[in-house]
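Each protein sequence line maps, in turn, to chains A, B and C.
Each step along the first sequence adds one to the number in the numbering used here, with nothing skipped, and position 169 is 169.
Each step along the second sequence adds one to the number in the numbering used here, with nothing skipped, and position 65 is 65.
Each step along the third sequence adds one to the number in the numbering used here, with nothing skipped, and position 94 is 94.
Each statement offered as a hint is correct.
Any copy will do: because identical chains look the same in the list, a pair fits if it lies in one copy or spans two.
Under the rule of at most 25 Å between Cα atoms (straight-line distance), these lysine-lysine pairs were calculated in the PhoX-like manner: (1) 251 with 290; (2) 57 with 15; (3) 200 with 287; (4) 333 with 343; (5) 101 with 200; (6) 200 with 290; (7) 50 with 17.
Everything labelled a hint here was simulated from the structure, so no lab data went into it.
In this text, all values refer to a predicted model and were calculated from it rather than measured experimentally.
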Amino acid sequence: MQVLFSPAQIAEIVKPKSALGDTAESIRSIASLEDARPGDLSFLGNPKYKGQVAGSKASLILVPGDYEGAPQPGQQYLWVDNPSAALSLVCARVEQILWPKPEPGIHPSAVVSAKARIATSASIGPLCVVEDGAEVGERTHLQAQVFVGREARIGADCWLMPGVVVSTLCEVGQRVRLHSGVVLGADGFGYEFVSGRHQKVPQVGTVVIGNDVEIGANSTFDRARFSRTVVGEGTKIDNLVQVGHNVVIGKHCILCSQVGVSGSVVIEDYVVLAGQVGVAGHLTIGKGAKAGGQAGISSSVAAGSYVNGTPAIPYLLERRLAVLHQRMPELFKRVARIEESLKLDIEQTPAREH
Amino acid sequence: MQVLFSPAQIAEIVKPKSALGDTAESIRSIASLEDARPGDLSFLGNPKYKGQVAGSKASLILVPGDYEGAPQPGQQYLWVDNPSAALSLVCARVEQILWPKPEPGIHPSAVVSAKARIATSASIGPLCVVEDGAEVGERTHLQAQVFVGREARIGADCWLMPGVVVSTLCEVGQRVRLHSGVVLGADGFGYEFVSGRHQKVPQVGTVVIGNDVEIGANSTFDRARFSRTVVGEGTKIDNLVQVGHNVVIGKHCILCSQVGVSGSVVIEDYVVLAGQVGVAGHLTIGKGAKAGGQAGISSSVAAGSYVNGTPAIPYLLERRLAVLHQRMPELFKRVARIEESLKLDIEQTPAREH
Amino acid sequence: MQVLFSPAQIAEIVKPKSALGDTAESIRSIASLEDARPGDLSFLGNPKYKGQVAGSKASLILVPGDYEGAPQPGQQYLWVDNPSAALSLVCARVEQILWPKPEPGIHPSAVVSAKARIATSASIGPLCVVEDGAEVGERTHLQAQVFVGREARIGADCWLMPGVVVSTLCEVGQRVRLHSGVVLGADGFGYEFVSGRHQKVPQVGTVVIGNDVEIGANSTFDRARFSRTVVGEGTKIDNLVQVGHNVVIGKHCILCSQVGVSGSVVIEDYVVLAGQVGVAGHLTIGKGAKAGGQAGISSSVAAGSYVNGTPAIPYLLERRLAVLHQRMPELFKRVARIEESLKLDIEQTPAREH
Numbered sequence: 001m002q003v004l005f006s007p008a009q010i011a012e013i014v015k016p017k018s019a020l021g022d023t024a025e026s027i028r029s030i031a032s033l034e035d036a037r038p039g040d041l042s043f044l045g046n047p048k049y050k051g052q053v054a055g056s057k058a059s060l061i062l063v064p065g066d067y068e069g070a071p072q073p074g075q076q077y078l079w080v081d082n083p084s085a086a087l088s089l090v091c092a093r094v095e096q097i098l099w100p101k102p103e104p105g106i107h108p109s110a111v112v113s114a115k116a117r118i119a120t121s122a123s124i125g126p127l128c129v130v131e132d133g134a135e136v137g138e139r140t141h142l143q144a145q146v147f148v149g150r151e152a153r154i155g156a157d158c159w160l161m162p163g164v165v166v167s168t169l170c171e172v173g174q175r176v177r178l179h180s181g182v183v184l185g186a187d188g189f190g191y192e193f194v195s196g197r198h199q200k201v202p203q204v205g206t207v208v209i210g211n212d213v214e215i216g217a218n219s220t221f222d223r224a225r226f227s228r229t230v231v232g233e234g235t236k237i238d239n240l241v242q243v244g245h246n247v248v249i250g251k252h253c254i255l256c257s258q259v260g261v262s263g264s265v266v267i268e269d270y271v272v273l274a275g276q277v278g279v280a281g282h283l284t285i286g287k288g289a290k291a292g293g294q295a296g297i298s299s300s301v302a303a304g305s306y307v308n309g310t311p312a313i314p315y316l317l318e319r320r321l322a323v324l325h326q327r328m329p330e331l332f333k334r335v336a337r338i339e340e341s342l343k344l345d346i347e348q349t350p351a352r353e354h
Numbered sequence: 001m002q003v004l005f006s007p008a009q010i011a012e013i014v015k016p017k018s019a020l021g022d023t024a025e026s027i028r029s030i031a032s033l034e035d036a037r038p039g040d041l042s043f044l045g046n047p048k049y050k051g052q053v054a055g056s057k058a059s060l061i062l063v064p065g066d067y068e069g070a071p072q073p074g075q076q077y078l079w080v081d082n083p084s085a086a087l088s089l090v091c092a093r094v095e096q097i098l099w100p101k102p103e104p105g106i107h108p109s110a111v112v113s114a115k116a117r118i119a120t121s122a123s124i125g126p127l128c129v130v131e132d133g134a135e136v137g138e139r140t141h142l143q144a145q146v147f148v149g150r151e152a153r154i155g156a157d158c159w160l161m162p163g164v165v166v167s168t169l170c171e172v173g174q175r176v177r178l179h180s181g182v183v184l185g186a187d188g189f190g191y192e193f194v195s196g197r198h199q200k201v202p203q204v205g206t207v208v209i210g211n212d213v214e215i216g217a218n219s220t221f222d223r224a225r226f227s228r229t230v231v232g233e234g235t236k237i238d239n240l241v242q243v244g245h246n247v248v249i250g251k252h253c254i255l256c257s258q259v260g261v262s263g264s265v266v267i268e269d270y271v272v273l274a275g276q277v278g279v280a281g282h283l284t285i286g287k288g289a290k291a292g293g294q295a296g297i298s299s300s301v302a303a304g305s306y307v308n309g310t311p312a313i314p315y316l317l318e319r320r321l322a323v324l325h326q327r328m329p330e331l332f333k334r335v336a337r338i339e340e341s342l343k344l345d346i347e348q349t350p351a352r353e354h
Numbered sequence: 001m002q003v004l005f006s007p008a009q010i011a012e013i014v015k016p017k018s019a020l021g022d023t024a025e026s027i028r029s030i031a032s033l034e035d036a037r038p039g040d041l042s043f044l045g046n047p048k049y050k051g052q053v054a055g056s057k058a059s060l061i062l063v064p065g066d067y068e069g070a071p072q073p074g075q076q077y078l079w080v081d082n083p084s085a086a087l088s089l090v091c092a093r094v095e096q097i098l099w100p101k102p103e104p105g106i107h108p109s110a111v112v113s114a115k116a117r118i119a120t121s122a123s124i125g126p127l128c129v130v131e132d133g134a135e136v137g138e139r140t141h142l143q144a145q146v147f148v149g150r151e152a153r154i155g156a157d158c159w160l161m162p163g164v165v166v167s168t169l170c171e172v173g174q175r176v177r178l179h180s181g182v183v184l185g186a187d188g189f190g191y192e193f194v195s196g197r198h199q200k201v202p203q204v205g206t207v208v209i210g211n212d213v214e215i216g217a218n219s220t221f222d223r224a225r226f227s228r229t230v231v232g233e234g235t236k237i238d239n240l241v242q243v244g245h246n247v248v249i250g251k252h253c254i255l256c257s258q259v260g261v262s263g264s265v266v267i268e269d270y271v272v273l274a275g276q277v278g279v280a281g282h283l284t285i286g287k288g289a290k291a292g293g294q295a296g297i298s299s300s301v302a303a304g305s306y307v308n309g310t311p312a313i314p315y316l317l318e319r320r321l322a323v324l325h326q327r328m329p330e331l332f333k334r335v336a337r338i339e340e341s342l343k344l345d346i347e348q349t350p351a352r353e354h
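Work out the full structure, taking the sequences as your base and the hints as a guide.
Structure (C-alpha cells):
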C-alpha cells in the first residue's frame with residue numbers, strides 16, 4: 001500500500017512560513033537527511049545535523065525558521081517553526097491513511113454475548129470474544145482476537161489491538177490505545193504460607209485505566225486484592241511492563257519498557273521510570289520524580305528527585321560514587337604506598353574499624 | 001454485576017467468636033479502614049493500623065481477638081482469630097460469584113480435534129483450539145482463545161485464561177491456574193555456531209507443570225532439549241517470568257515478576273526469587289534459598305542462604321559493602337589527608353599493589 | 001505420541017565411524033548418561049562426563065572418536081566425530097515426526113481476506129486472521145490464532161506459532177520461526193511533552209525481519225517512527241525481549257531472554273547480549289561485541305569488546321573492581337590503622353580531596 005503525497009499536499013499539512021525551490025517528485029516516504037533519496041521527505045529536527053541539509057537527496061526538506069540555505073535544483077525547502085512537530089503532522093496523516101477508521105459493526109466470526117452492550121459506532125473485529133454484561137463505547141475498535149470479560153467496560157474512541165485481554169470487571173477510559181498482548185486483570189500475586197504451602201489470597205478487585213492512556217505490547221496489570229489497581233489519565237506505558245496489584249499510578253507518567261512495579265506502590269503524577277527499573281512493594285514515588293535505567297528502588301522517592309543505581313540513591317551521588325568506584329585500584333595503591341612509607345605491615349597490627 | 005452480602009451472610013462465612021453492634025446496610029464492597037464508606041466491609045489486618053478502626057466509616061469491620069473497642073451506631077464489629085484470613089474467606093466467596101463454574105461442554109466456535117480427549121465435565125470456551133491427541137481433564141476450564149497442542153495433557157480442575165498456549169506434548173497437572181498469555185513449550189534457546197552462523201539445536205523435550213501451580217500473565221517456559229523442563233507442585237510464578245529449557249524448579253517456590261532463569265538451572269524446594277532476579281545457566285539454587293530484587297546470580301547458592309546484588313553475594317555482606325560504598329568519598333578524603341601529613345606525592349613514588 | 005527408532009535407524013541418521021555391542025531395545029527417548037534407562041539413547045557431549053559412560057544404563061550411546069571403552073551386554077556404542085552434533089541430527093528427525101509438515105490450505109475457521117495473497121503451499125491454521133493485501137509465502141505455516149495485518153509480508157518456509165501478531169506493513173523474511181506471543185509492529189514509544197501532557201508522535205514505519213531469524217515467545221518489536229526497525233539475517237532472539245523503534249540489529253547476533261534495546265540503537269553483526277541486558281537509546285554496539293548478564297549499557301561499545309556491569313565497562317576492569325569492592329572492609333581497616341599510627345583524627349583536620 002503506497003501512501004503518496006504531492007509537495008503541495010505536504011505544504012497544506014505543515015503550513016510553512018516560506019518555501020524555496022520546486023520538485024516534480026511525488027513524496028513516497030520519509031527518511032533522515034542522510035538516508036533520503038529523491039521522492040523522500042526529510043527534516044532538520046536536531047541542529048547538530050544542520051550540515052547534512054545541503055547534501056541531502058530528499059526532494060522535500062522541512063527546515064527551521066532560522067535555517068539559512070537554498071535547495072538544489074529539483075528540490076524544495078519548507079521553513080516551519082518546529083520541523084519535528086511538522087513531521088509529526090505528516091505522520092499523523094499517514095497513520096490515518098494506513099489505519100482508516102474501520103466500519104462499525106460486529107464481525108460475524110466474533111463471539112459477542114447478547115448481554116454485552118456494544119455502541120452502534122463501535123467496531124468488533126474478527127474472532128473477538130465479548131462476554132456478558134461487558135460494555136464497548138462509541139467508535140471503539142477491537143481489532144481482532146481481543147477478549148473482553150464479563151462486566152468489563154471499555155470507553156469511547158479506544159483501540160484494542162490483536163490479542164489484548166481485558167478481564168472481568170476491569171475498566172478502560174476513553175481514547176485508550178492497548179497494544180497487542182496487553183493483559184488487564186490477571187490475578188494479583190498474593191499467597192499466605194500455611195503448613196508448608198502457599199495458599200492463595202483471592203484477588204477480586206479490578207484494574208481501572210484512565211483516559212488517554214497508551215499501553216505497550218505484552219504489558220501486564222494485575223487486579224487488586226479487593227479494591228482497584230489504577231493507571232491515571234494521560235500516562236504512557238511501554239512494552240513488557242509489569243504493574244502489580246493495588247498499584248496506583250498517577251497522571252501523565254512515563255514507564256519505559258520492562259519496568260516492574262510491585263504491589264501497593266503509589267506513583268504520583270508526572271513520574272518517569274526508565275527502562276528495566278524495579279520498584280519494591282508499598283513505596284511511594286513522589287510527583288515528578290525520575291529514575292534512571294535499571295534502577296532498583298527499595299525506599300520511597302521524594303517528589304521531584306532523580307534517582308539511579310541499585311539500591312537507588314540520588315543521581316548525582318550515584319554518579320560520584322561510580323567515579324570513585326572506578327578509582328579504587330588507585331586508592332589501594334595509595335594506601336599500600338603509605339603503609340610502605342610507614343613500614344606498617346597489615347598482618348601484624350590490630351586496628352579499630354571505622 | 002453487584003455482589004451483595006447481608007452482615008449475617010458475612011458472619012456465616014467468617015464465623016466470628018463474638019460480635020458487637022448492628023448495621024442495616026448490605027455489604028457491597030471491601031475497602032481499607034481509611035477508605036471505607038457505609039456499605040463496605042473492612043478489616044484490621046495489620047496492628048499498625050489499629051488507630052484507624054475507631055474512625056472508619058465501614059459498616060462491618062473484622063477485628064482480631066485482642067482488639068478492644070466498640071462500634072459506632074449503625075456499625076458492627078466481628079472478632080475473629082485472623083482478620084486477614086477471614087477476609088480471604090469472604091473474597092473466596094466473591095470469587096466464586098464473579099467467576100461461577102462454567103457450563104461443561106465445547107463452545108461451537110472452538111476448534112477441537114475429534115482425536116482429542118475432553119472430559120465430559122470440562123468446559124472449552126469460545127475460539128479455543130485443541131489439537132489431535134490432546135487431553136483435557138475433568139472440570140478444567142479453557143476460558144477463551146486458548147491453544148492446546150498435539151498430545152498435550154491438561155489435568156483436572158485447571159483454569160487456562162484467554163490466550164494461553166500449551167504446546168505439543170507439554171503436561172499440566174491438577175488445579176493449575178495459567179493466566180493470559182502464558183506460553184508453555186516454546187523452543188529452548190540453543191544454537192551451535194558453525195561456519196559463521198548459529199545453527200539450531202532442535203528442542204524436542206517437553207514442559208511439565210506440577211499440581212497446584214499458578215503462573216502469571218505472559219510468562220514463558222521453554223521446552224527441554226530432549227528431556228523435561230519442570231515446575232514442581234505448589235510453586236507460584238508471577239507475570240513476565242522466563243524459564244529456560246531443562247530448568248527444574250522444585251516444590252512450593254515463589255518466583256516474582258520478571259525473573260529470568262537460564263537453561264539447565266536447578267531450583268530446589270521453597271526457594272524465593274524476588275522481582276527481576278536473573279539466574280545464569282547450569283547453577284543450583286539450594287532448598288529454601290532467597291534472592292533479593294534484581295540480584296544477578298552467577299554461581300550456585302547454598303540451601304537456606306539469602307543473597308543479594310550483582311553478582312549475588314550473601315545478603316549481610318552485600319549490605320555492609322553497600323554502606324562502605326557510600327562512604328567512599330570520606331575514605332578518599334582520609335587517604336588524601338594522610339598523604340598530606342606525610343608529604344607524600346602520589347605522582348612520584350612507585351608502589352607495590354595489594 | 002511415541003517416537004520409536006530401531007538402533008539401526010539411529011545409525012542411519014548419525015552414520016557412525018564404528019560401532020560395538022548390540023541392543024534388542026527400541027529407542028524410545030533421549031536422556032543424559034546419568035538419567036538414562038534401557039530404551040534410551042544417550043551421548044557423551046562433554047568430556048567432563050566421560051566417567052559416566054561406563055555406568056550408564058542407556059541402550060545406545062554416542063561417543064566421540066577418541067573414547068576408549070566397551071559397552072555392557074545388551075548395550076551399543078556408536079563412535080562419531082561430534083556426539084552433540086550427531087544427537088542434534090537425531091533430534092531434528094524427532095522434530096520432523098512430532099511436527100509434521102501441515103497440509104497446505106486455509107482452515108475454514110480462519111478469517112482470510114480475499115485481497116490477501118496466500119501461496120498455494122502455505123498452511124493457514126484455525127482461527128488465524130489475515131487482512132487485506134497481506135502476503136504469505138510458500139510452505140509457510142501460520143499455526144493457529146495468528147494475526148497478519150494489512151499489507152504485511154511473510155516470506156517462504158516460515159513458522160508462526162499460536163498467537164503471533166505481525167502488524168500492518170511489517171515484513172518477515174524466509175525460514176523465520178516466530179514463537180507464540182511475538183508482537184511485530186506495536187507503536188514505537190514516542191511522545192512530545194506539550195502543555196503538561198505527553199502528545200503522541202505517530203509511528204508509521206515498519207519492522208523488517210531478515211531470513212533465518214528466530215524470535216522467542218512474547219518478545220516485542222516496535223515499528224519505526226517513519227523508517228524501519230530491522231533484525232538482520234540469522235539473528236536469534238530469546239523470549240521476552242524488547243526491541244524499540246528504529247533499532248537496527250545486524251546479522252547473526254544473539255539476544256538472550258529479557259534483553260531490552262531502546263530506540264534507535266544500532267547493533268552490528270555477531271553481537272551477543274546475555275540475559276536482562278539493557279541498552280540505552282541511540283548507541284552503537286560494535287561488531288562482535290559481548291555484554292554480560294544484566295549489563296546496563298549507557299554508552300556505545302567498541303567492536304570486539306566485552307563489557308559487564310551497570311554502567312557497562314570492559315569486562316576485566318569490571319571484574320577487578322568487583323574484587324576490590326569486596327575488599328573494602330579491609331581497606332577501611334588499613335586506613336584506620338594508619339590514622340591511629342599517625343594519631344590523626346579525621347574530625348579535626350581539613351583535607352583537600354582527590
